[in-house]
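Asks: Sequence:
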Amino acid sequence: MNVFHALAEYNGNQPTVVTLGTFDGVHLGHKCIFQKLIKSSAHLNCQSLVLTFFPHPRMVLKKDDSIKLINTIEEKTNQMQALGIDHLIIHPFDDEFANLEAEEFVKTILVDRFKMKKIIIGYDHRFGKGGQADINDLIAFGKKYNFEVEQIVAQELDEVSISSTQIRNALAQGDVSKANAYLGYEYYFSGIVTQGKQLGRTIGFPTANIQLEQTYKLIPKVGVYIVSVLVDGQNFKGMMNIGTNPTVGDNAMTQEVHILDFDRDIYNQKITVVLHDKIREQVKFDSLEHLKLQLAQDRKTTINYFSVHHTS
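Each step along the sequence shown adds one to the number in my numbering, with nothing skipped, and position 298 is 1290.
Keep in mind that the hints were calculated from the coordinates and are not lab data.
Some clues are possibly wrong.
For lysine-lysine, the following DSS-like pairs were computed, each having C-alpha atoms within a straight-line distance of at most 30 Å [what the hints assert, rightly or not]:
no.: 1; residue 1: K1023; residue 2: K1270
no.: 2; residue 1: K1170; residue 2: K1209
no.: 3; residue 1: K1060; residue 2: K1023
no.: 4; residue 1: K1262; residue 2: K1292
no.: 5; residue 1: K1060; residue 2: K1107
no.: 6; residue 1: K1135; residue 2: K1121
no.: 7; residue 1: K1060; residue 2: K1213
no.: 8; residue 1: K1121; residue 2: K1136
no.: 9; residue 1: K1284; residue 2: K1213
no.: 10; residue 1: K1028; residue 2: K1136
no.: 11; residue 1: K1023; residue 2: K1107
no.: 12; residue 1: K1292; residue 2: K1276
no.: 13; residue 1: K1121; residue 2: K1028
no.: 14; residue 1: K1060; residue 2: K1284
no.: 15; residue 1: K1099; residue 2: K1023
no.: 16; residue 1: K1170; residue 2: K1276
no.: 17; residue 1: K1099; residue 2: K1136
no.: 18; residue 1: K1060; residue 2: K1209
no.: 19; residue 1: K1136; residue 2: K1107
no.: 20; residue 1: K1284; residue 2: K1270
no.: 21; residue 1: K1107; residue 2: K1028
no.: 22; residue 1: K1270; residue 2: K1028
no.: 23; residue 1: K1099; residue 2: K1170
no.: 24; residue 1: K1213; residue 2: K1170
no.: 25; residue 1: K1136; residue 2: K1292
no.: 26; residue 1: K1135; residue 2: K1213
no.: 27; residue 1: K1135; residue 2: K1107
no.: 28; residue 1: K1262; residue 2: K1023
no.: 29; residue 1: K1262; residue 2: K1209
no.: 30; residue 1: K1284; residue 2: K1262
Produce the entire structure from the sequences given, and follow the hints as far as they go.
Replies: Dropping the structure here:
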């Protein structure tokens, strides 16, 4: 898959079939759309092209910095890489792009730059300055500029939208197994290991504090989770606490992972944490000794989980 980080970088000379959208999560619903794209491009002897945007349009149009995304751009790219798409363009969404007139967008970008023969798009998609144009305008432009428009039917599009909402809601509730079912893969995030208070070492459960690479990445609800940890290309079993360490009166939100049977210095390294299931809610214990006993139980739960579900 060829990846371009601006429209201007793309100068392909082959005809294309195009779809566009934010595709946050690249979940099972999105993959159905990409399968249509790939099948259609093969049928028409064209190349498949996905146009997506960053930042998320809502961040720009509504100045909404609070929005949290299922995927970072790097994760989204990696998810699409395996699907057989020919070209991915991640265009910076800014005021200039938002103010393009609908026909200018169709003519200069879709037709002239992409040499588009067909577009696969949702029936409710709006485009152009202020969302001035809809699917009927696109069909009219198709007749004018000689490209086909395939509408994604309402039911299928609703399922895509529902999936994205349910993934976000499931993660917000700590139900990672439900989120993973909708995604079609296990939710993960990456970050740099930073120096913590090293309290875990004193009770036999050293943890790696993870500083997220991207602040807009959605983090699941506070709690303790069963995870896998990818370090230097190797997979390890682990348990992760997302929360504030209330037992020691720490109010700062952290993501800390205890990697089982692991004793390496990984400060300042990038690691990836894959979430499998939730063990329990965050609890304030009466003492460090009670916390230690609970962590020992969490470890047993984690080992039992992997003995049933995973061999790695």
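Asks: Determine for every hint whether it applies to the structure shown.
Replies: Comparing the hints with the structure gives:
no., hint, result
1, K1023 with K1270, "holds, 26 Å"
2, K1170 with K1209, "holds, 18 Å"
3, K1060 with K1023, "holds, 21 Å"
4, K1262 with K1292, "holds, 27 Å"
5, K1060 with K1107, "violated, 34 Å"
6, K1135 with K1121, "holds, 21 Å"
7, K1060 with K1213, "holds, 13 Å"
8, K1121 with K1136, "holds, 20 Å"
9, K1284 with K1213, "holds, 22 Å"
10, K1028 with K1136, "holds, 24 Å"
11, K1023 with K1107, "holds, 23 Å"
12, K1292 with K1276, "holds, 20 Å"
13, K1121 with K1028, "holds, 28 Å"
14, K1060 with K1284, "violated, 33 Å"
15, K1099 with K1023, "holds, 27 Å"
16, K1170 with K1276, "holds, 27 Å"
17, K1099 with K1136, "holds, 10 Å"
18, K1060 with K1209, "holds, 6 Å"
19, K1136 with K1107, "holds, 14 Å"
20, K1284 with K1270, "holds, 19 Å"
21, K1107 with K1028, "holds, 19 Å"
22, K1270 with K1028, "violated, 35 Å"
23, K1099 with K1170, "violated, 42 Å"
24, K1213 with K1170, "holds, 13 Å"
25, K1136 with K1292, "violated, 66 Å"
26, K1135 with K1213, "violated, 49 Å"
27, K1135 with K1107, "holds, 15 Å"
28, K1262 with K1023, "holds, 28 Å"
29, K1262 with K1209, "holds, 16 Å"
30, K1284 with K1262, "holds, 27 Å"
Of the hints listed earlier, those the structure fails to meet are numbers 5, 14, 22, 23, 25, 26, in rising order.
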